[in-house]
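Visitor: So the sequences go chain by chain: A, B, C and D. Note that the numbering used here has the first sequence beginning at 6, numbered continuously upward. Note that the numbering used here has the second sequence beginning at 6, numbered continuously upward. Note that the numbering used here has the third sequence beginning at 6, numbered continuously upward. Note that the numbering used here has the fourth sequence beginning at 6, numbered continuously upward.
Hints are not guaranteed to be accurate.
One copy or any two copies: either way a pair holds, since identical chains are not told apart in the list.
Simulated crosslink set (SDA-like; lysine to any residue; CA at most 25 Å straight-line) [said to hold, decoys possible]:
1. Lys289 / Ala219
2. Lys289 / Asn181
3. Lys128 / Asp76
Since the hints were made in silico from the structure, they are not lab data. Remember, predicted model here, so these are calculated numbers, not experimental data.
Protein chains: 4
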Amino acid sequence: MPGSSRTYAFLGPEGTFTEAALLQVPDALQAVRVPASNVNAALDRVRDGSADAAMVPIENSVEGGVTATLDAIASGEELRIIREVLVPISFVLVARPGIGLEEVRRVSTHGHAWAQCRLWVDKHIPEAEYVPGSSTAAAALGLLEQDCTYDAAICAPLVAREHPELSVLGEDIGDNPGAVTRFILVSRPGALPARTGADKTTVVVPLPEDRPGALMEILDQFASRGVNLSRIESRPTGQYLGHYFFSIDADGHAGEARVGDALAGLHRISPGTRFLGSYPRADKQVTPVAAHTSDAAFSAANTWVQSILGAESVAGESGSEASRTA
Amino acid sequence: MPGSSRTYAFLGPEGTFTEAALLQVPDALQAVRVPASNVNAALDRVRDGSADAAMVPIENSVEGGVTATLDAIASGEELRIIREVLVPISFVLVARPGIGLEEVRRVSTHGHAWAQCRLWVDKHIPEAEYVPGSSTAAAALGLLEQDCTYDAAICAPLVAREHPELSVLGEDIGDNPGAVTRFILVSRPGALPARTGADKTTVVVPLPEDRPGALMEILDQFASRGVNLSRIESRPTGQYLGHYFFSIDADGHAGEARVGDALAGLHRISPGTRFLGSYPRADKQVTPVAAHTSDAAFSAANTWVQSILGAESVAGESGSEASRTA
Amino acid sequence: MPGSSRTYAFLGPEGTFTEAALLQVPDALQAVRVPASNVNAALDRVRDGSADAAMVPIENSVEGGVTATLDAIASGEELRIIREVLVPISFVLVARPGIGLEEVRRVSTHGHAWAQCRLWVDKHIPEAEYVPGSSTAAAALGLLEQDCTYDAAICAPLVAREHPELSVLGEDIGDNPGAVTRFILVSRPGALPARTGADKTTVVVPLPEDRPGALMEILDQFASRGVNLSRIESRPTGQYLGHYFFSIDADGHAGEARVGDALAGLHRISPGTRFLGSYPRADKQVTPVAAHTSDAAFSAANTWVQSILGAESVAGESGSEASRTA
Amino acid sequence: MPGSSRTYAFLGPEGTFTEAALLQVPDALQAVRVPASNVNAALDRVRDGSADAAMVPIENSVEGGVTATLDAIASGEELRIIREVLVPISFVLVARPGIGLEEVRRVSTHGHAWAQCRLWVDKHIPEAEYVPGSSTAAAALGLLEQDCTYDAAICAPLVAREHPELSVLGEDIGDNPGAVTRFILVSRPGALPARTGADKTTVVVPLPEDRPGALMEILDQFASRGVNLSRIESRPTGQYLGHYFFSIDADGHAGEARVGDALAGLHRISPGTRFLGSYPRADKQVTPVAAHTSDAAFSAANTWVQSILGAESVAGESGSEASRTA
């Protein structure tokens, strides 16, 4: 049973949206799943080999950690994104058995989750006091402890399903019914996931200099090859305010010529560029490719240039010009 | 006493880094200062007129709220940034009187602050358990309450100074000694702060279409006029994943021709562009301006174009061409 | 008879394609038409007031003079293009009365015309010797002189029509049946021709510096405003090899906001930019305009920027920040 | 005597500036030199093998032929530029023996040469009548014929030196004392001339579509790789008015990575792009190369991309994700 030996870390604790994301990965269902207390800890498990991969949030997270993820994979030992997972964000209000909605006085959850349920809270439990929790799941599980100082928690449906002893006082209580969070599965560098035609490539590019146009030059590496960007974020390098790196998602796979060529361009302009992976898009939306940026166009162009250079012999000083035409 | 009638809101509670930022504003020292429980609440006070201005974090915050700020000022009734303030981030560990470092078992603080003091904690109180707090100040003040469930808190030096009854067990305990957070003072739209030559302009630009080059076109509005960008962040619009707006800080003041011209260009490309203000840079670094992007160059160019168009009369069908030259 | 007082110069002599172009201008039919021996002489007549306008070739001329025109209008006292005219290029072989095709031994014409009839000549009069002529018309008219040293001439149909004493030995003898030459009507600066929606604007832009990207910056002034170029030619400034100016035709009229804005941008980058006119396209092809580069978009953008700046008062040092928001 | 078997064609006749250019090529001094009556004829001799190379004007020619050259090498069987030569343009006035300056009534020369000596002519022989000549040399040699219809000719110093029977009535009579014309030596495709660090590359690029930005895309291929352009000219394709190709000289050699990469980019955008050669600059000015566009930078970038792709195995559907990281 080869699956039994695999280990997946995730931003814990159990019952969070991140675990829900991990449960979408078929292999992970049979594998050992290890919650980590923060993003760095999850990624460190991959780096030190105690996990094969880690699931962490990358965009729009309810539990925080997004900027931590961006920063953590931008430095340190190299890692690779091998998969992305989208999780619809839906909240429930859970309480200790026997507590009714009208009895809820103090509610705990992660700060981000609290912010996303304000409308429901204002309408149904306007008097409720907020008790910060380190995660939605921790808040929910805290209700099961003896000395719990609050009455209810806002959490993911997953934790409620896993703990039927909690009573659900409200479902779908988020302000934004279509909310989605994006998670990434991160491993050590290895073979790239196969091209599917609907892929995404993630890079981290330090801004080479603080001059007008430096960012333009970077983006031009994509635009001039018809590569669309689906995400770009500036992040401080942490060295000093005003010094940035860019975290960029581009449509396409590094194995496609136009993407590989853009990567080479980035490396020239900013040699500290870090490749974070090419992997299938969660939404399976196929990337349209114009004829002049297709693999065939790149291949034809290279063949043409090689044919020009092919006969290039370093004609010596003594060679007559006319003889070169023979 | 005109100052007595002014009111400043800030992301509270009292004693946080945000209040420290507000105390750097001379007018605020004499004014009423009102803590708000979150960024939206602070900004709403400005919008509804119950505060004249609000101080909120915009970059690199210890207490969170940065993305909340980016999102809150990007929509709703228009607001304007009129000042930026930089606050060095320095943490202290405080405890209830009589508690020594060796007795600290449970420590509370905001999650972001906890993440930024890991090295010191691992070295000096490795066994300490983390108790989430809604802010650094709240965690510190909680120590003064009867039923406090933790022994110490990580907070800003300000709150320790304001509450001498707390004993300081560690100073400068942050992992990154040079850390700085940037805050903005936000008001309702009105006269722009005067040009100083060392100004910054902030805009929010919805990406018009998801096509290669759309972002390039936006950035080109700055680059082609020699306007440098000091910050660019993509933020999801919240409508659907993959739909973004960009929050951008550019060097210069909207009253400068090259910046005004760039703003006009942004508005053409993306009519939903929102102007968030022109205001003095906290670091007072003067913006260098090339001759061909100076106000004089713009003025000369406009005069030239006007001189070309000046004599333009809509010559009728019957007018002879040669007569136009008379 | 108002038309009687007007004078048009043209690159002569009479009977050339340039006169054919001039005869397409309704006003010119009644006016005095003065042939000039070269492009400079024709333009000088406009500059010194002895002609109201001059017709000269600008593109693809049979009689030469195109580069002379480009250079002559690029320097000296300013002139303006007020009209363009297209003339289909069709050649005839004419001879002295009584001469048959088989008797033609020596043929005169302008060198460019000779080059454009090689196929016909090689097929029908392969033995013919070439005698250089200063123009097609001069060659044709020379046949009527007593001591003419050649038997036939290649010229425009116009001169054959005007001189029925010449016998036509071949019609439509050009190698390229669809050939067209473009001419411009040039006057002193005055009111611009009215906008028609199908206009062209011509400028001369000295390349500011010999650096990568200088030309890009110039072209970007057009591209970033959606202005298409229909012609671009580099011409040496004559000062030293490798120093260029660019002669550019752009779609649109200087009175259109996107074109006027592009002109202003050119002037900033290269203050020596010279405006040579906005005038109706000979082919009457309407210029498509994208919504975001329409006059309405520019107007809305300017109004928006003005509204931002509108309330700008230079708030004094003593003014409180909060009071600015009142 | 290996030199004896080589043949060079040139735009004739003998004694023109083009022959002066050819005499700067060491090998040509011993070779057979064949004048051709026009540029096409000269190039056809190379194409059909009856000459090894041909010298023709490419820029600023006194004898015309420049646009003919641009057009002739842009189509037909491929040719290669292997050398460029600069010739200072200096004119002399020659006459039949016994004729003094005051007796000169009719002067023959090429039309371009006539235009370049107007100041001297207007001052010294203002009454002189112009007789068109097919070249400066033909005009000069015509003086030696019995039935010559003119008294003097304007020609290159070379023809006067070769024919001492002509008397020189004026030297350095050109209006522009620093005038220079550029010539190219053209051969059939073969090994490229060796890189010298001071090279030039010439290409012909058909404009792919008449849309805003198409030319920008082409130029961006150079600019984004730091390749400077020293010449750009639009030429009509001859198919219909408004359809262009661009003749471009770029600094650098196709064997340099940044130039080769730019060529590949051109080919992708406009597959009809034609390579006309890389050859040493006549002025021997070394091309400066920025670090990030050096061969080393390109090589490092490619190595980096290969290292990313190196382990790429098309992982099958059945492969588990975690196993890829092993």
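Visitor: Take the hints in turn and mark each one as holding or not.
Guide: So, going through the hints one by one against the coordinates:
For the homomeric pair Lys289 and Ala219, the shortest alpha-carbon distance between copies (23 Å) is at most 25 Å, but the shortest distance inside one copy (32 Å) is not. Taking identical chains as interchangeable, the C-alpha atoms of Lys289 and Asn181 lie at most 25 Å apart only when both belong to the same chain, with a minimum of 24 Å there against 41 Å between chains. When the C-alpha separation of Lys128 and Asp76 is checked against a cutoff of 25 Å, the pair qualifies only between copies, where the shortest distance is 23 Å, while the shortest distance within a copy is 38 Å.
Checked against the numbered hints given earlier, this structure breaks none of them.
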